[in-house]
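These are the residues of each chain, in order.
Protein chains: 2
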Amino acid sequence: MDGGAAERPSRTIEAMTSTSDNSSVALPPMRFDLWGTADEAKPLSDSIKKLLSQAMGVDTDKDHTVDAASVTLTEPRLSESAVQDLERIVGAKNVSQDREQRMARARGKSSLDLLEWRSGDVVSAPDAVLVPGTEDEVLAILEYCSEHEIAVVPFGGGTSVVGGVNPVSGEFDAVISVDLRRFDAIEDVDPVSGLATLGAGLSGPHAEFLLAEHGLQLGHFPQSFPYATIGGFAVTRSAGQNSAGYGRFDDMVRELTVVTPKGVFHPGKQSPASAAGPDLKEIVMGSEGAFGIATRVRVHVHPIPQVKRYEAFVFPSFGVGADALRAVEQQGTGPTVIRLSDEIESAINFTSSDAIGEKSQAPQGCLCITVFEGTYEHAESRHKETRELLLASGGTSVGEGPARKWEEGRFGAPVLRDSLLDAGALCETLETATDWANAPRLKKAVGDALATSLNDSGTMALVMCHISHVYATGCSLYFTIVAGQDDQPLAQWRAAKQAVSKAIEANGGTITHHHAVGTDHMPYMTDEIEPLGVEILRGIKRTLDPAGILNPGKLIPAGAESNPS
Amino acid sequence: MDGGAAERPSRTIEAMTSTSDNSSVALPPMRFDLWGTADEAKPLSDSIKKLLSQAMGVDTDKDHTVDAASVTLTEPRLSESAVQDLERIVGAKNVSQDREQRMARARGKSSLDLLEWRSGDVVSAPDAVLVPGTEDEVLAILEYCSEHEIAVVPFGGGTSVVGGVNPVSGEFDAVISVDLRRFDAIEDVDPVSGLATLGAGLSGPHAEFLLAEHGLQLGHFPQSFPYATIGGFAVTRSAGQNSAGYGRFDDMVRELTVVTPKGVFHPGKQSPASAAGPDLKEIVMGSEGAFGIATRVRVHVHPIPQVKRYEAFVFPSFGVGADALRAVEQQGTGPTVIRLSDEIESAINFTSSDAIGEKSQAPQGCLCITVFEGTYEHAESRHKETRELLLASGGTSVGEGPARKWEEGRFGAPVLRDSLLDAGALCETLETATDWANAPRLKKAVGDALATSLNDSGTMALVMCHISHVYATGCSLYFTIVAGQDDQPLAQWRAAKQAVSKAIEANGGTITHHHAVGTDHMPYMTDEIEPLGVEILRGIKRTLDPAGILNPGKLIPAGAESNPS
Numbered sequence: 001m002d003g004g005a006a007e008r009p010s011r012t013i014e015a016m017t018s019t020s021d022n023s024s025v026a027l028p029p030m031r032f033d034l035w036g037t038a039d040e041a042k043p044l045s046d047s048i049k050k051l052l053s054q055a056m057g058v059d060t061d062k063d064h065t066v067d068a069a070s071v072t073l074t075e076p077r078l079s080e081s082a083v084q085d086l087e088r089i090v091g092a093k094n095v096s097q098d099r100e101q102r103m104a105r106a107r108g109k110s111s112l113d114l115l116e117w118r119s120g121d122v123v124s125a126p127d128a129v130l131v132p133g134t135e136d137e138v139l140a141i142l143e144y145c146s147e148h149e150i151a152v153v154p155f156g157g158g159t160s161v162v163g164g165v166n167p168v169s170g171e172f173d174a175v176i177s178v179d180l181r182r183f184d185a186i187e188d189v190d191p192v193s194g195l196a197t198l199g200a201g202l203s204g205p206h207a208e209f210l211l212a213e214h215g216l217q218l219g220h221f222p223q224s225f226p227y228a229t230i231g232g233f234a235v236t237r238s239a240g241q242n243s244a245g246y247g248r249f250d251d252m253v254r255e256l257t258v259v260t261p262k263g264v265f266h267p268g269k270q271s272p273a274s275a276a277g278p279d280l281k282e283i284v285m286g287s288e289g290a291f292g293i294a295t296r297v298r299v300h301v302h303p304i305p306q307v308k309r310y311e312a313f314v315f316p317s318f319g320v321g322a323d324a325l326r327a328v329e330q331q332g333t334g335p336t337v338i339r340l341s342d343e344i345e346s347a348i349n350f351t352s353s354d355a356i357g358e359k360s361q362a363p364q365g366c367l368c369i370t371v372f373e374g375t376y377e378h379a380e381s382r383h384k385e386t387r388e389l390l391l392a393s394g395g396t397s398v399g400e401g402p403a404r405k406w407e408e409g410r411f412g413a414p415v416l417r418d419s420l421l422d423a424g425a426l427c428e429t430l431e432t433a434t435d436w437a438n439a440p441r442l443k444k445a446v447g448d449a450l451a452t453s454l455n456d457s458g459t460m461a462l463v464m465c466h467i468s469h470v471y472a473t474g475c476s477l478y479f480t481i482v483a484g485q486d487d488q489p490l491a492q493w494r495a496a497k498q499a500v501s502k503a504i505e506a507n508g509g510t511i512t513h514h515h516a517v518g519t520d521h522m523p524y525m526t527d528e529i530e531p532l533g534v535e536i537l538r539g540i541k542r543t544l545d546p547a548g549i550l551n552p553g554k555l556i557p558a559g560a561e562s563n564p565s
Numbered sequence: 001m002d003g004g005a006a007e008r009p010s011r012t013i014e015a016m017t018s019t020s021d022n023s024s025v026a027l028p029p030m031r032f033d034l035w036g037t038a039d040e041a042k043p044l045s046d047s048i049k050k051l052l053s054q055a056m057g058v059d060t061d062k063d064h065t066v067d068a069a070s071v072t073l074t075e076p077r078l079s080e081s082a083v084q085d086l087e088r089i090v091g092a093k094n095v096s097q098d099r100e101q102r103m104a105r106a107r108g109k110s111s112l113d114l115l116e117w118r119s120g121d122v123v124s125a126p127d128a129v130l131v132p133g134t135e136d137e138v139l140a141i142l143e144y145c146s147e148h149e150i151a152v153v154p155f156g157g158g159t160s161v162v163g164g165v166n167p168v169s170g171e172f173d174a175v176i177s178v179d180l181r182r183f184d185a186i187e188d189v190d191p192v193s194g195l196a197t198l199g200a201g202l203s204g205p206h207a208e209f210l211l212a213e214h215g216l217q218l219g220h221f222p223q224s225f226p227y228a229t230i231g232g233f234a235v236t237r238s239a240g241q242n243s244a245g246y247g248r249f250d251d252m253v254r255e256l257t258v259v260t261p262k263g264v265f266h267p268g269k270q271s272p273a274s275a276a277g278p279d280l281k282e283i284v285m286g287s288e289g290a291f292g293i294a295t296r297v298r299v300h301v302h303p304i305p306q307v308k309r310y311e312a313f314v315f316p317s318f319g320v321g322a323d324a325l326r327a328v329e330q331q332g333t334g335p336t337v338i339r340l341s342d343e344i345e346s347a348i349n350f351t352s353s354d355a356i357g358e359k360s361q362a363p364q365g366c367l368c369i370t371v372f373e374g375t376y377e378h379a380e381s382r383h384k385e386t387r388e389l390l391l392a393s394g395g396t397s398v399g400e401g402p403a404r405k406w407e408e409g410r411f412g413a414p415v416l417r418d419s420l421l422d423a424g425a426l427c428e429t430l431e432t433a434t435d436w437a438n439a440p441r442l443k444k445a446v447g448d449a450l451a452t453s454l455n456d457s458g459t460m461a462l463v464m465c466h467i468s469h470v471y472a473t474g475c476s477l478y479f480t481i482v483a484g485q486d487d488q489p490l491a492q493w494r495a496a497k498q499a500v501s502k503a504i505e506a507n508g509g510t511i512t513h514h515h516a517v518g519t520d521h522m523p524y525m526t527d528e529i530e531p532l533g534v535e536i537l538r539g540i541k542r543t544l545d546p547a548g549i550l551n552p553g554k555l556i557p558a559g560a561e562s563n564p565s
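Residue numbers (full-length UniProt numbering), protein chains in the order written: chain C, 1 to 565; chain R, 1 to 565.
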């Protein structure tokens with residue numbers, strides 16, 4: 001059984017009730033300039049510091065941390081009467097213009113976001129934070145803001161790594177952040193059908209904690225799990241580490257309650273599957289708050305597994321390992337988790353994080369992790385069929401140790417990034433997906449683009465890659481990059497990201513497999529979905545959000561960008 | 001191995017090359033007033049005739065067959081210049097105003113369609129039939145028709161049972177049927193990724209025949225398989241009998257080529273899964289030709305299975321059997337086919353069709369069919385785990401015989417309907433889906449509504465039901481109805497269908513699980529997807545088909561209907 005779900009909520013729930021001004025608005029648990037909370041921070045080991053300074057030219061003695069008091073935010077711009085009107089809608093205690101509240105919702109958690117705090121630039125913050133508690137209140141906010149030309153940014157866990165929660169005003173004079181945290185109930189638990197309705201503001205751990213009281217589990221564990229919310233998972237098409245067994249989050253969603261400026265609707269309400277026209281759930285999922293605000297999500301849940309089985313394997317090369325994962329998925333042998341690291345990531349995984357940079361006696365090759373959940377019989381039979389196929393496909397078992405170690409550390413990488421950024425290193429992740437046959441070409445193209453761009457900026461770059469989501473027809477490719485910062489790290493990373501994004505579009509990948517679009521991937525959407533696809537999204541937006549107040553400047557490219565001719 | 005795919009294409013391909021006028025336009029293989037071809041017709045046995053006459057008051061000696069020469073069609077309405085313009089686009093040999101060609105595309109295959117031929121009423125036919133061969137030609141047709149106010153109905157296999165191919169002119173003065181049969185190629189076969197691009201006009205057997213040359217299979221076997229096309233499967237969200245193993249057709253689609261009046265686009269082109277905004281494939285699937293014409297579909301294919309294993313079970317009641325199917329799907333034991341008939345359908349299934357109405361020594365209870373495909377090892381392990389769970393859930397094995405018998409006869413039921421209609425009986429099917437917990441309530445409500453309405457019309461009704469598609473959270477319910485026709489069988493069935501449709505919407509079902517919307521389910525779409533859902537579909541249609549020429553009067557309710565207030 002996975003202890004993760006049961007252990008984590010207490011801290012998060014506690015953090016959610018802390019407050020810093022007269023309102024009762026709670027602060028998000030993540031520190032404004034870090035992924036984790038301050039007490040999660042972990043200093044870098046001497047061996048990592050040596051690697052950074054010797055190979056990447058990073059001066060690790062220089063302090064890159066941010067002093068909150070020295071940050072300059074934009075001034076709040078809402079008129080007093082607008083604030084009073086909004087207070088009438090949600091109650092005064094659910095509106096805040098407090099600096100700390102605005103700062104906590106001014107940026108997501110991409111490395112660009114975190115570097116921006118460190119840049120000394122003035123940071124755009126939302127002009128106010130609202131915390132509605134009912135669909136009627138959300139609707140009233142959207143109607144008011146449509147009439148008074150105020151942009152609205154929905155806010156869940158604040159974990160976006162693509163600029164999704166950043167307070168872009170667009171053509172409007174002000175922008176508010178609408179925090180969904182009061183939608184935190186679990187309703188309509190139907191253990192027969194395996195369905196539960198969850199408030200959009202519930203964090204991953206909080207949702208699992210409430211489901212566990214019914215003996216049920218959602219089983220969605222993306223790296224953002226400790227902080228991200230049910231609503232955010234749905235509208236960004238999140239994919240979790242158990243996707244091989246339980247699907248992506250969009251596979252788990254049965255119905256959504258969506259509040260738009262034109263009213264409320266419930267796509268998916270009818271049935272598990274339907275031929276009654278286009279699937280409107282699939283329009284809301286991926287809409288990133290640009291069409292409406294999801295307040296409740298009815299999801300597929302399943303009994304807490306009786307057992308978990310673990311086994312790790314090593315493959316002689318990434319190509320051989322990828323072929324083995326493909327065989328497993330195409331045969332349907334049924335692992336809950338299956339993932340494969342490339343040679344570089346495997347070498348790092350086989351090393352304890354304290355010993356990175358040291359010489360290691362770990363096995364050579366590419367590490368593959370498998371986990372099997374379910375009843376005793378089901379997990380055993382799935383494990384047996386999978387391991388036989390992996391062994392027949394060139395794998396060697398290395399026991400359960402590396403799989404258990406992976407699971408224990410699986411939410412820790414973003415916290416390590418905090419320390420790397422504080423030490424003056426660049427650290428970021430990016431991801432794509434493609435057909436199995438195209439995966440080698442795409443992996444090489446991405447790696448080359450990153451190495452070239454970062455080498456041009458004067459640093460060696462460590463590029464690691466893994467497959468963590470498999471489909472019958474293809475797989476994801478997830479890259480982690482560590483390099484040295486130059487004098488202008490924001491520009492340095494933007495150049496690398498642009499180079500790699502162009503390489504992805506030119507080599508048959510999607511611009512994002514599970515991080516969503518936000519501001520950062522918007523310039524590539526016309527290539528991704530073609531001009532007619534952009535027109536469709538605009539048409540839907542005109543229908544649901546005619547004033548255009550919902551999350552402007554994200555997801556849907558503006559006019560000029562959609563016709564590059 | 002399933003022989004069905006390899007046996008059938010020859011006849012269909014042959015029928016597709018027959019022609020009846022100076023053009024080279026081929027006639028669809030199905031006879032205009034029947035599901036099957038004339039040589040498939042099978043006379044009713046004496047025992048069935050006795051059942052019809054004694055229990056349902058049907059005078060089986062009366063002849064209800066249709067004389068083609070006596071049918072009155074609407075006159076062609078295209079101007080000579082319009083015909084010349086259209087001939088310039090696709091070539092004169094690919095345009096026909098011939099009576100037989102128009103008649104063959106005047107109606108789909110619902111019982112209402114088939115009864116209408118028998119009613120003596122004037123039948124609306126398309127004003128011309130066009131058979132384009134390239135996306136450029138399709139685009140030119142759509143641009144021309146947008147400019148000249150001609151409605152366009154895409155035509156694949158003509159198997160719609162909801163009015164989907166019927167030539168509704170809407171607000172326009174003329175309507176043409178655009179037959180996709182020339183999009184009949186297989187391209188881009190990628191056996192590594194398990195992907196193949198299929199022409200939208202390929203019939204099910206023809207597609208399987210071409211894939212088999214590569215050792216591959218699609219595995220989509222709806223009852224319409226012998227005639228329906230790849231494009232039709234996609235835009236109507238078809239579900240086949242192997243859906244437990246291979247998914248619905250919408251699960252199989254990776255990418256579509258869609259020609260709209262505003263241009264061509266390719267939703268899904270990027271990758272097996274993406275977080276780059278809403279999934280635009282899901283807008284095209286279910287759009288039933290109202291947004292554009294699908295010309296190519298890239299689908300997930302898999303190796304032809306090494307082995308097929310069969311086993312049938314009997315459950316003491318439908319409720320116990322449904323719980324067993326639910327356990328199988330929620331545990332994920334992996335059958336390729338799993339279905340359960342209720343008591344009445346089981347009794348009929350256990351009887352040979354020649355002996356319906358006779359006393360039978362067959363097992364009592366509800367018949368469950370399972371089939372397992374794949375490699376030897378995979379099929380065996382999935383079979384073992386599934387059978388153990390079914391036995392533990394109250395099932396009794398009755399060996400492989402009934403499962404093989406089901407497979408042999410699985411495309412035959414619509415042909416039997418032809419004979420029943422010709423004999424003066426009513427025979428129709430309808431289907432819905434819902435959560436597992438709600439299935440008993442919905443099944444009872446549908447059965448009651450049918451019995452009440454048909455009894456009111458003066459006939460006893462035989463109502464059979466089965467579950468043929470299972471999901472983790474719910475299942476389909478498929479009903480077959482046999483009753484006696486009264487003097488006005490069209491009005492009689494319309495009243496029954498309205499009663500049952502209202503019962504479905506009032507009892508938590510979807511108006512259609514896999515038959516699509518067309519004209520027949522359109523009145524229920526506002527209940528199904530809410531007024532805001534209808535507005536979204538209208539907004540998409542305005543974007544892609546601003547003149548509104550594509551399949552008017554189908555899928556999307558017109559103004560007044562969408563706001564029942």
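Note that these hints are calculated values from the structure, not bench results. Yeah, the Cβ is synthetic: ideal placement off N, Cα and C, and Gly gets one too. Any given hint could turn out to be false.
Non-contacting residues of chain C with respect to chain R, defined by C-beta distances greater than 12 Å in every case (computed) [what the hints assert, rightly or not]:
1) 55
2) 122
3) 193
4) 271
5) 272
6) 298
7) 310
8) 323
9) 331
10) 394
11) 398
12) 432
13) 491
14) 504
15) 515
Dumping the calculated DSBU-like pairs for lysine-lysine here, alpha-carbon to alpha-carbon at most 30 Å [claimed, not checked]:
16) R:93 - R:62
17) C:384 - R:308
18) R:262 - C:262
19) C:62 - C:50
20) R:384 - C:269
21) C:308 - R:384
22) R:405 - C:269
23) R:384 - C:444
Now for the hints, and whether the structure bears them out:
Every C-beta of chain R lies more than 12 Å from that of residue 55 (chain C), the closest at about 33 Å, which supports listing it as non-interface. Chain R leaves residue 122 (chain C) outside its interface by the beta-carbon criterion, the shortest separation being 30 Å against a cut-off of 12 Å. Under the 12 Å C-beta cut-off, the non-interface status given to residue 193 (chain C) relative to chain R is violated; the minimum distance is some 4 Å. Not every CB of chain R is more than 12 Å from the CB of residue 271 (chain C) (nearest about 4 Å), against its label as outside the interface.
For residue 272 (chain C), the requirement that its beta carbon stay farther than 12 Å from each beta carbon of chain R is not met, with the minimum near 4 Å. The beta carbon of residue 298 (chain C) is not kept farther than 12 Å from every beta carbon of chain R, the shortest such distance being approximately 9 Å. With 12 Å as the threshold on Cβ separation, the claim that residue 310 (chain C) sits away from chain R holds: the shortest Cβ distance comes to roughly 19 Å. The beta carbon of residue 323 (chain C) is not kept farther than 12 Å from every beta carbon of chain R, the shortest such distance being approximately 9 Å.
With a cut of 12 Å on Cβ distances, residue 331 (chain C) falls inside the contact zone with chain R, its closest approach being about 6 Å. Even its closest Cβ contact with chain R, about 16 Å, leaves residue 394 (chain C) beyond 12 Å, as expected for a residue assigned away from the interface. With a minimum CB-CB distance of about 24 Å to chain R, residue 398 (chain C) clears the 12 Å threshold, and the non-interface call stands. The claim that residue 432 (chain C) lies off the interface is violated: its Cβ sits roughly 7 Å from the closest Cβ of chain R, which falls inside the 12 Å cut-off.
Once the 12 Å rule is applied to beta carbons, residue 491 (chain C) is consistent with being away from chain R; the minimum gap is 25 Å. Interface exclusion of residue 504 (chain C) from chain R breaks down, the closest Cβ pair being 9 Å apart, not more than 12 Å. With a least CB separation of 6 Å from chain R, residue 515 (chain C) falls inside the 12 Å interface cut-off, contrary to its annotation. Distance check on the hinted pair: residue 93 (chain R) and residue 62 (chain R) sit about 42 Å apart at the alpha-carbon level, beyond 30 Å; violated.
Simply put, residue 384 (chain C) and residue 308 (chain R) have alpha-carbon atoms about 21 Å apart, close enough for the 30 Å limit, and the pair holds. For the hint pairing residue 262 (chain R) with residue 262 (chain C), the CA-to-CA distance comes to about 27 Å; that is within 30 Å, so the pair holds. For the given pair, residue 62 (chain C) sits about 14 Å from residue 50 (chain C) by alpha-carbon distance, which is consistent with the 30 Å threshold. For the proposed pair residue 384 (chain R) and residue 269 (chain C), the alpha carbon gap of about 35 Å is over 30 Å, so the pair is violated.
Between the alpha carbons of residue 308 (chain C) and residue 384 (chain R) the distance comes to roughly 21 Å, so the proposed pair stays at or under 30 Å and holds. For a cut-off of 30 Å, the pair hint linking residue 405 (chain R) to residue 269 (chain C) is broken: about 37 Å separates their Cα positions. Restraint check for residue 384 (chain R) and residue 444 (chain C): not satisfied, since their Cα atoms lie roughly 43 Å apart, outside the 30 Å limit.
In summary, the structure is inconsistent with hints 3, 4, 5, 6, 8, 9, 12, 14, 15, 16, 20, 22 and 23 from the numbered list given earlier, while agreeing with the others.
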